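A.B. asks: Chains as they are written, first to last, in the numbering used here: chain Z, 1200 to 1594; chain P, 123 to 291.
To be clear, the hints were calculated from the coordinates, so they are not data collected in a lab. Please note that the accuracy of each hint is not assured.
What the hints assert, rightly or not - Mimicking SDA-like on lysine to any residue, the simulated pairs with C-alpha atoms at most 20 Å apart in a straight line are:
#1 Z:Lys1555 x P:Leu253
#2 P:Lys157 x P:Leu226
#3 Z:Lys1334 x P:Leu253
#4 P:Lys249 x Z:Glu1214
Note that the structure is a prediction, hence the values are computed from the model and not measured.
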Amino acid sequence: INAEYMGILQKNMTEQLANAISCHAWNRDQSLIALSPNNNEMHIYATNGNVSDASKWERKWVLDKHGGPVSGIDWAPITNQIVSCGHDRNAYVWRYDEKDNDWKPTLVILRINRAATAVKWSPNENKFAVASGAKCVPVCYFEASNDWWICKVIKKHRSTVLSLDWCVNNKFIVTGGADMKCRVFSAYLEGIDPSEDDGFGEVFPKQHEFGEVLAEFDSAQSWVHSVAWSPGGFRLAFAGHGSNVSFVQILAGSTPIVQTVNFPNLPFLDIRFLSDNSLVAAGFDMNPAVFEVTGGTEAEPFWSYKQSVDKKDTASSSQASQSSFGATRAAFSATVNQGVQFGKTVEESSIWTKHKNIISNIFVFPPAEFPATKFSTAGLDGRVVVWDVAPLALK
Amino acid sequence: MSNTLSGYLKAIRSSLEAAFCVRNFASQVVERHNKPEVEARMSKELLLQPIVIAREKGEKCLIEGSINSVRISIAIKKSDEMEEVLVDRFSRFLAQRAEDFVILRRAPVKGYDVSFLITNFHSEEMKKDKLIDFIIHFMEEVNSEISALKLAVNSRARVVSGTFLRQFV
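Go ahead and model the full structure; you've got the sequences and the hints to work with.
C.D. replies: Structural data, given as structure tokens:
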């Protein structure tokens, strides 16, 4: 292939695994990744040791039990079970069968009559919660006597629940929805969760009443696309459609402190904590952004936007062809292959970020181990890009 | 003249960049359905405040957003009756071919001449900045298209009448 032609193609273009990816999850040692190519299938790829290079991944299983688009996938790191939920109102728990080298699904009856939008395992992996368009959140647990999953439903939402996350104590969940509120609920189940107080008794007196609203925040003033709970358990964050991220500090004995940080660009679709003091957010900007505690105290932190993770590669853009023939040929092939107006330089018209379409999903790994060393973003451009946390120099 | 046009288009472009932030959203009213909420309008909380950007009374743009779709309606300037007829013909020509156009709406919203409907499925297939470029380019060109059509009508009328009346000379 002509070297001058290659000069137009952006360097280090990540391999496209599908047309679009709606959700993804990694297993504990990043040897496998489960993702949904924005349809009713779930693909599991083996990374073969090359976590950063998607072109080396090998597709091992295609699981197509769902009757509609798969909207959420979560992988329990220790029990190695995958839970997936979709627009067909169902959730499946997949268990790996060593003998058959296949994943066996177990249908979970969620008792919802609208689509499921997101699913997360609890930290102890004995429960999972599903956010749904039926304005409720079923919390499912395994009943060993009947050998199936049953659910208890949290109501009290006014519109579709778009996102949820668990607290490290396995008892609380935070949800965000299209009714523009972020709420903290108790998902305590008698018999499954220990009844001793774990430090939250002073903060939330009704902590052991299932389905009780423990706190409600409306500072997003717009649809809450994503919510996250910090690894320490005393901080929350939620991202709204108004390009804002609100950080909540939970205090013992007084009302939680909320700080809203406004972001100058487009809104975020997913946020995750990288540690107690830092958070990564990604969405319509196609570029993950990092927020950090830059001041204040432990009890009253001050959060602000630190930097965007993807940096424009100035070196490759200045690589121009030497001869005029090569330059004309380059311009012509740009017109033919990329739809660029003839003569217009490629830098102006192409998207320089690694993701070419919005980022739908972030997954931080190693899962449930903090501070995180890497995180991966999956987007509607069909790419999964893995980012290192170390170069970001976070506290 | 072109000064106000570029300001007008710039305002539309930045509004579109914000309004195009749409995500997949299964209907919460009808089971197993996925409707563009800006068209269905069944849940008030899923709709954004519509904005009108107007250059003058007859030339404006309405942008209605929602959680999974955006509707953009354009009113083209019509300074006389001839232009009214031409704009009507032109927009009907486009609207009848709406299926091939993908993002065009078959009927324009009341009070406007052309309407586009863009859903999250379109933004998954097509690049957002290219879509916005297309709409801005469309708005730039439509005025010159109409004046070109008007000139063509006038010159054809002159030629036809001249040729017809020559037989009486």
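A.B. asks: If a hint holds in the structure, say so; if it does not, say that too.
C.D. replies: So, going through the hints one by one against the coordinates:
{"no.": "1", "hint": "Z:Lys1555 x P:Leu253", "verdict": "holds, 14 Å"}
{"no.": "2", "hint": "P:Lys157 x P:Leu226", "verdict": "holds, 16 Å"}
{"no.": "3", "hint": "Z:Lys1334 x P:Leu253", "verdict": "violated, 33 Å"}
{"no.": "4", "hint": "P:Lys249 x Z:Glu1214", "verdict": "holds, 18 Å"}
Of the hints listed earlier, the one the structure fails to meet is number 3.
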